[in-house]
Amino acid sequence: MTHIDPQLLLAKAARVRLLVTDVDGVLTDGSIIYNGHEEQIQIFHVHDGFGLKLLKKAEIEVAIISSRFSRALSKRASELGIVKVFQGQNDKLATYQNLLNELDITDGEACYIGDDWVDLPLLKRVGFSVAVADATPPLHDYVDYITGKDGGRGAVREVCDLILRAKNKWPAFLNEIINPGLD
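Just add 90 to the spot in the sequence shown (first one is 1) and you have the numbering used here.
Hint data in this document are derived by calculation from the structure and do not stem from the laboratory. Note that the structure is predicted; figures quoted are calculated from it, not measured. Idealized CB from N, CA, C, for every residue including glycine. One or more hints might be untrue.
[Claimed, not checked] Pairs of lysine-lysine, DSS-like flavour, derived with a Cα cap of 30 Å:
{"#": "1", "residue 1": "Lys259", "residue 2": "Lys165"}
{"#": "2", "residue 1": "Lys146", "residue 2": "Lys239"}
{"#": "3", "residue 1": "Lys239", "residue 2": "Lys214"}
{"#": "4", "residue 1": "Lys257", "residue 2": "Lys143"}
[Said to hold, decoys possible] Simulated restraints, written as ranges between beta carbons of each label pair:
{"#": "5", "residue 1": "Arg161", "residue 2": "Leu98", "range": "37 to 45 Å"}
{"#": "6", "residue 1": "Phe159", "residue 2": "Val136", "range": "21 to 29 Å"}
{"#": "7", "residue 1": "Arg161", "residue 2": "Gly198", "range": "29 to 37 Å"}
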């Protein structure tokens with residue numbers, strides 16, 4: 091669901107060169123489970139992972155910034171080939187600014203996906219701001235786009251697809267999957 095004109099939304103999405111996402115409540119449903127060995131278990135949606143892989147294939151940088159630390163996240167990011175993973179970050183805005191400087195990317199070329207008040211400083215900075223459907227409701231007032239899906243349930247994939255469509259990358263990727271080996 092968009093809060094802005096659909097053409098402006100597509101223009102913002104087309105400018106994205108960097109997608110940054112939160113973890114708990116965005117890449118996961120926000121649940122934290124501990125097993126009998128005091129180890130944290132998190133559940134990640136396969137659709138989100140494939141969407142992030144497609145972004146990387148389209149040469150869009152992907153980064154994860156979390157205020158918590160999770161071995162499950164480290165494992166999932168490694169599986170997806172995401173190397174820009176920042177855990178235990180109490181100042182997400184400073185981490186984000188360092189990332190922009192490192193990659194030579196502007197705020198207008200960045201997208202952030204969040205779900206709670208701690209994400210608001212980043213959501214206010216980026217060129218394309220997104221909240222997942224089940225984000226803390228007042229957060230919806232501050233973003234360009236609200237996903238139709240909840241965090242941990244394909245919301246990130248929805249944003250990836252939107253960016254790829256806005257950049258006109260979607261048809262080529264779909265054709266490559268439907269007709270492998272054909273040019």
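Taking the hints in turn, this is what the structure says about them:
1. Simply put, Lys259 and Lys165 have alpha-carbon atoms about 28 Å apart, close enough for the 30 Å limit, and the pair holds.
2. With a CA separation close to 22 Å, the supplied pair Lys146 and Lys239 stays within the 30 Å bound.
3. A threshold of 30 Å between alpha carbons decides the hint, and for Lys239 with Lys214 the separation of about 22 Å falls inside it, so the pair holds.
4. A distance of roughly 16 Å separates the Cα atoms of Lys257 and Lys143; the hinted pair therefore holds under the 30 Å criterion.
5. Between Arg161 and Leu98 the C-beta distance comes to about 40 Å, which sits within the given range of 37 to 45 Å.
6. The hinted range of 21 to 29 Å is satisfied by Phe159 and Val136, whose Cβ atoms lie roughly 23 Å apart.
7. Taken as a hint, the range 29 to 37 Å holds for the pair Arg161 and Gly198, whose Cβ atoms sit roughly 35 Å apart.
Violation of the numbered hints given earlier is absent; every hint is satisfied by the structure.
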